[in-house]
Each structure stands twice: as C-alpha cells, then as structure tokens.
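S.K.: Sequence:
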Amino acid sequence: MGESWPSEHWPVNITHVTNTGAAFGILQGQGLFLTVTAFVGMAAIVFYYAYPPLEHGLLRAALGLQLGGAIGNLLDRLRFGEVTDFIHFPHYPAFNVADSSIVVGLCIIVGFFVLNEGHSKETGSDGG
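Take -16 as the starting number for the sequence shown in the working numbering and just add one per residue.
To be clear, the hints were calculated from the coordinates, so they are not data collected in a lab. Ideal Cβ positions, reconstructed from N, Cα and C, are used throughout, including at glycine. Warning: the hint list may mix true and false statements.
Restraint ranges, calculated between C-beta atoms of paired labels, are given here [said to hold, decoys possible]:
| id | residue 1 | residue 2 | range |
| --- | --- | --- | --- |
| 1 | Glu(-14) | Asn99 | 42 to 48 Å |
| 2 | Ser(-10) | Val93 | 17 to 23 Å |
| 3 | Val23 | Pro73 | 18 to 24 Å |
| 4 | Phe96 | Trp(-12) | 37 to 43 Å |
| 5 | Val23 | Phe96 | 21 to 27 Å |
| 6 | Pro(-11) | Gly51 | 26 to 32 Å |
| 7 | Val97 | Gln11 | 15 to 21 Å |
| 8 | Ile54 | Trp(-12) | 26 to 32 Å |
| 9 | Ala33 | Trp(-12) | 38 to 44 Å |
Model the full assembly from the supplied sequences, consistent with the hints where possible.
M.R.: Structure representation (structure tokens):
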C-alpha cells in the first residue's frame, strides 16, 4: 500500500492507493451516496443509449466506456468499500482504468457534439 514502481523519478508510476470518495478525493466516506449516484448514472446511460437508439458508433462506444467505468468503480466500492487507484503522475491524483474510461467517454461525447455543431453551422443545417 502506497508503494510506487518503478520509482518516483519516472513520469508515471504504478502506486497502490485506495479512495473511499469520488474523483480527486472529494466526498471521502460518502460510499452510500456514491453507490446510489452510480446506479442512477448507469440507468441514465442505459436509457440514453436506448431512447432514442443511438445510430452513431462513436457515441455508442463513448457511452460504453462510461458505463464500463461506472460498473468497474461500483464493483470495487461494493466489494471493498473503496476504489483502488494505481496510475499516478507526479502532482496529479492517482486514478484507475475505470476513471480513465469515464473521462475518455465524456471527452468523446463533448468533442462529437462540439465538432458536429461546428459542422452544422458551416453547412447551414439545423442538425435535425
């Protein structure tokens, strides 16, 4: 626990830390709230995935990343009461693959809609 590999002088380390809170260590000790929030978020992702059915594969993949990340962190929280983080960059909080999946999925969705909106304005369509 707390040990780093390969050493603290590398640009990224594998460090075993646990987190009872949410991203960046906020909401420490709020396991019940975070568990309920995870279930609500997963239900929203599934609902949005199905109604209306998403036809663009990139959005489907992004929602899949978010759902997978939420499930991964939820399973850790239910099984251990905390989430295990292990990827650590200097001067940045440790995180895990599930956290990365959620963030990458969010970035893809935001990027998709920003680029799509820009494309809609260029072509003069209303996007619908």
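S.K.: Could you tell me which of the numbered hints above are not met by this structure, giving the numbers in increasing order?
M.R.: 2, 3, 7
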